[in-house]
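Chemist: Chains as they are written, first to last, in the numbering used here: chain C, 1 to 262; chain X, 1 to 209.
Source of the hints: derived by calculation from the structure; they are not laboratory data.
Below are the PhoX-like pairs computed for lysine-lysine, each with C-alpha atoms no more than 25 Å apart in a straight line: (1) Lys47(C) <-> Lys2(C); (2) Lys181(X) <-> Lys226(C); (3) Lys170(C) <-> Lys226(C); (4) Lys181(X) <-> Lys170(C); (5) Lys11(C) <-> Lys47(C).
Quick look at which bits of chain X chain C covers, simulated, 3 or more residues with Cβ under 8 Å: (6) 59-69; (7) 74-83; (8) 87-96; (9) 167-180.
Just so it is clear, the structure is predicted and the values come from calculations on it, not from any experiment.
Note that CB positions come from ideal geometry on N, CA and C, so glycine has one too.
Residues per chain are reported as follows:
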Amino acid sequence: MKFTLNIWRQKGPDEHGRFVSYEARDVSSGTSFLEMLDSVNQGLIAKGEEPVAFEQDCREGICGSCSLVINGIPHGPDRGITTCQLYMRRFPDGAVITIEPWRARAFPIIKDLVVDRRALDRIMQAGGYISVHTGGAVDGNVLLISKDQAETAMDAASCIGCGACVAACKNASPALFVGAKVSHLELLPQGKPERTNRVKAMLEAVDREGFGSCGNQNECEAVCPKRISVRFIAILNREYLRAGVVESGLPAEPESPHAEST
Amino acid sequence: MALSGLGLVIYVIFHMLGNFQVFEGPLALNAYAALLRDMPILLWAARIGLLSLAVLHVVLAIQLTLRNRRARPIAYAVREYRQASFASRTMATSGVVLLLFIIVHLLHLTVGVIDPSSVDRLDVEGHRDVYGKLVHAFQNPFIVAFYLAGQLGLGLHLSHAVTSSFQTLGLEQAAFNRLLKAAGPGVALLVVLGNVAIILAVFLGIVRG
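Using the sequences and the hints, build the whole thing.
Modeler: Take a look at the structure:
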């Protein structure tokens, strides 16, 4: 197969970027998208040119490193996968493919297709954790969590933090990311004591990083490689409203699992 | 945004329901208009409340739009939307269309400065002849076209607005999600159909002066 690639090239954070066209020839249909870029880069290195910088790590869809907007859709045309799980057989032979980095003020470009996503880490540092020591594994049935609750928390926790939601959002809002993180902690007993301060701190961090606001367009849900539902954005909003009503700085929730013993 | 918007949506629904009295003839509509005017304190309280809701809504919208534009300084060269509806992506545009429509609508039928050929009269019961004014207005094809365009903007705006405001308020529950999702397009369709029925009924001569 043969493809024409329009790739965003940018030497550094403060440089001016532009699209450069490359030809990818003799590509097997079983090649993954990143392998195809590898072979293009081999060709560039052989010619003595600078290879295209792009981020990747596990290449099995769990690390959240790969971040390419392919023909206007983060992670490309298939649903529920990351860029590294995309195969060239998905494109017609001779197709023109435009490859861009995630575009958001909060994600400054480091080089070519690599962006700085530490803004998401700083949101997590603001409150996306629990402060208590969890200790060793507890005995079974000590901490009762209903199956529904456990599964919903797991759905939220499947977020790999790739930032595709921000990339897809018209407003570059991380609401789905923050919603997933807040919900996954809030739904479990270990996360409940700090829920009030957590949601406030994380949303304040979102504002500091210069992200946009959620317009409920749900485009994030459609590109999320883990198919995280926008219902977690509703839960995030509910948590934030609750935090506004409840007095902040409460040490613990009365509904903690040990409440019945007091 | 959500709360001020929902307040305005509730007004829009009652505005339509009140105007349905045009189908009951001139006396009913004129009596209804007189009833509203007979309570000046309530009338002005409602007007001030609506105006402040509208101003709040517009100011918040401008703030959010500017913030969201800043959040992506370099646009994508290629953009494909998978799920975001046309209405949801054009809220700012449909909002501006709607604002202009409302201003002209108020100048036209409330203040009465747009159409010089319209004259204020009294009906047989001595009420101001709102019915006659309405029928006069919607016999003019330009005014009808303008109002229909306004309804298009309203429908587009509401179809995203109502569902979106529920999501913003955190209303989400497996049993009600389909209802909440359908609320936006449903309310938009009902309001637009209702208003268009009034306009076209006059224009097509079903409701006469």
